[in-house]
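Novice: Single-letter residue listing:
Number of protein chains: 2
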Amino acid sequence: MAEILASKPVVQAMGDDIRPRVERLKELGITPTLAIVRVGNRPDDLSYERTAIKRAESLGIATRVFELDEFVTEYELESQLHAINVDPSIHGCLLFRPLPTFMDEKKICDELAIEKDVDGISTAALGAVFTDSSEGFAPCTAEACIKMLDHYGIEIEGKHAVVVGRSLVIGKPVAMLLLKRNASVTICHSRTKDLHRMMRAADIVICATGRPHAYGPVHFSPGQTVLDVGINFDMNGNLCGDVDFDAVEPIVASITPVPGGIGSVTTSTTMEHTLRAAERVARQSGALQ
Amino acid sequence: MAEILASKPVVQAMGDDIRPRVERLKELGITPTLAIVRVGNRPDDLSYERTAIKRAESLGIATRVFELDEFVTEYELESQLHAINVDPSIHGCLLFRPLPTFMDEKKICDELAIEKDVDGISTAALGAVFTDSSEGFAPCTAEACIKMLDHYGIEIEGKHAVVVGRSLVIGKPVAMLLLKRNASVTICHSRTKDLHRMMRAADIVICATGRPHAYGPVHFSPGQTVLDVGINFDMNGNLCGDVDFDAVEPIVASITPVPGGIGSVTTSTTMEHTLRAAERVARQSGALQ
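Chains as they are written, first to last, in my numbering: chain A, 1 to 289; chain B, 1001 to 1289.
Quick caveat, the hints were computed from the structure, so don't treat them as lab data. For glycine and all other residues, C-beta sits at the position ideal for the given N, C-alpha and C. Any given hint could be a false lead.
[As the list claims (entries may be wrong)] So the derived list for chain B, only partly shown, Cβ under 8 angstroms to chain A, looks like this:
hint : residue
1    : Lys1106
2    : Thr1123
3    : His1151
4    : Tyr1152
5    : Ile1154
6    : Glu1157
7    : Val1169
8    : Lys1172
9    : Ser1184
10   : Met1198
[Stated by the list, open to error] No more than 30 angstroms apart at the CA atoms, straight line, and that leaves these computed lysine-lysine pairs for DSS-like:
hint : chain 1 : residue 1 : chain 2 : residue 2
11   : B       : Lys1106   : B       : Lys1008
12   : A       : Lys107    : B       : Lys1106
13   : B       : Lys1107   : A       : Lys107
14   : B       : Lys1107   : A       : Lys180
15   : A       : Lys193    : B       : Lys1180
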């Protein structure tokens, strides 16, 4: 029986850390505020928006939703982001992706100021992750993996981590964060040969390919910690991860469930980044020591 | 007996590609020009400068050396880089490092315009490597590794590469370049446990830790390709790599020597980047199709 790495206690501990810091800023007249920029009305965007607003409210963080028409032009979207960049009452910005296919997503993400890019989507923020600079914020999902490991006291230093998936949202940045914590890190992907052998050799496995139930008993070995970053739907329409949880859980030492795993920690991480962005502004103005 | 992956034929082939392209630009009135910025008179900087100038000359590329006093201020150095950024007759810039310890090296490197940063030292260029954008140039040593593998027809796709060392000059960027070419990539370092086992499991091993003769027979296995990026001096004052070449060569399938390996390909890569920077300018002006 594996230890279940549930999000609930992590989210609770993060909340206990965040709430008094938010209160302190409010006493100084600053309400940490997250802008949510949504293009169109995709159901999963709306669903995540509700979750984010609820989490923000529970922590005392304000949210402002900017809803843009699904046929908005690049220029209008960039203008919206620019308006957010220069609005001193907004500290962080979450832009839902993917953007409509007619848009140059990279160009638009790069419009966002690094100090408000709380989900690390701009090249500047990702460059900071790669060069190990403290200037930007790492993508929240990547950082949520580290928070999960830390909360459950799972050592990273000197361990061998295998990351399956090489996206800029999770695979590559989490590899850099693990490296920073002195893990040895292997990045695997769809072209990896003998993937199951590579995965079985790891101490920590992070699955982030978005393929429902793609990894089963053959991919894991006893003693491992498994972080399942996938958020997919199975054939019955139920939420599931990249890992076949029921089959893998009896083998490994610890594993995150889906739902109730990395996803919820990610939302809290967005809030913590928004708070940090607000604290930075308060320190720069001299309001906060 | 391993195949010796010597630089000479690679440098020759690169020269055969570069020279006619330089000629074509010269016919359009554009001489590809590399600025070399050196602070102080460190013997290894001077030695590399001579090598670079000689290589540039042999390819028809012009060089301009900017020598600054070892006690130059950050402001003066930044001003020099800015002057290079805005000088249309200069296409690429090589800044020797390490800079004096009293300087903020990252801040200074970030002064260099991405389009002239032919050795990928700025956060912008490194961010481009990480996000797989074509905007910047990768660090030359990292790209030289790929050029070496390609020249000798060593397949990268689907192979497992182990990179030892996680610097921004070579370890991390070469890992990204290998990943782009669909290798599975492991990054190891000084805190890696069982390093010899990790290394032995690879198809391609890249040693980039700057520790003379640190890797011997225990670290390698038959069939492997070994790229030795180290440029060190042994106890007798002779140039040597990170790998104990004499002991390892009989075991592996192919290996780069030091000297005569990655180092010389790196210099040619700097020249090729300078040419590409000049070609880009010529295309933007409409002079080149």
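Novice: Each hint needs a verdict: does it hold in this structure or not?
Specialist: Now for the hints, and whether the structure bears them out:
1. Lys1106: 7 angstroms, holds
2. Thr1123: 5 angstroms, holds
3. His1151: Given a least distance of 22 angstroms, the restraint on His1151 of chain B is violated.
4. Tyr1152: 21 angstroms, violated
5. Ile1154: 16 angstroms, violated
6. Glu1157: This hint holds: Glu1157 of chain B lies near chain A, its Cβ roughly 7 angstroms from the closest one there, short of 8 angstroms.
7. Val1169: 11 angstroms, violated
8. Lys1172: At 7 angstroms from the nearest chain A Cβ, Lys1172 of chain B passes the 8 angstroms test, so the hint holds.
9. Ser1184: Nearest chain A Cβ about 4 angstroms off; hint holds.
10. Met1198: With a minimum Cβ separation of about 6 angstroms from chain A (threshold 8 angstroms), the hint on Met1198 of chain B holds.
11. B:Lys1106 <-> B:Lys1008: 34 angstroms, violated
12. A:Lys107 <-> B:Lys1106: Answer holds: Lys107 of chain A to Lys1106 of chain B is near 24 angstroms, not above 30 angstroms.
13. B:Lys1107 <-> A:Lys107: 24 angstroms, holds
14. B:Lys1107 <-> A:Lys180: Distance of about 21 angstroms is within 30 angstroms: holds.
15. A:Lys193 <-> B:Lys1180: At roughly 15 angstroms apart (the allowed maximum being 30 angstroms), Lys1180 of chain B and Lys193 of chain A satisfy the hint.
Checked against the numbered hints listed earlier, the structure breaks hints 3, 4, 5, 7 and 11; every other hint is satisfied.
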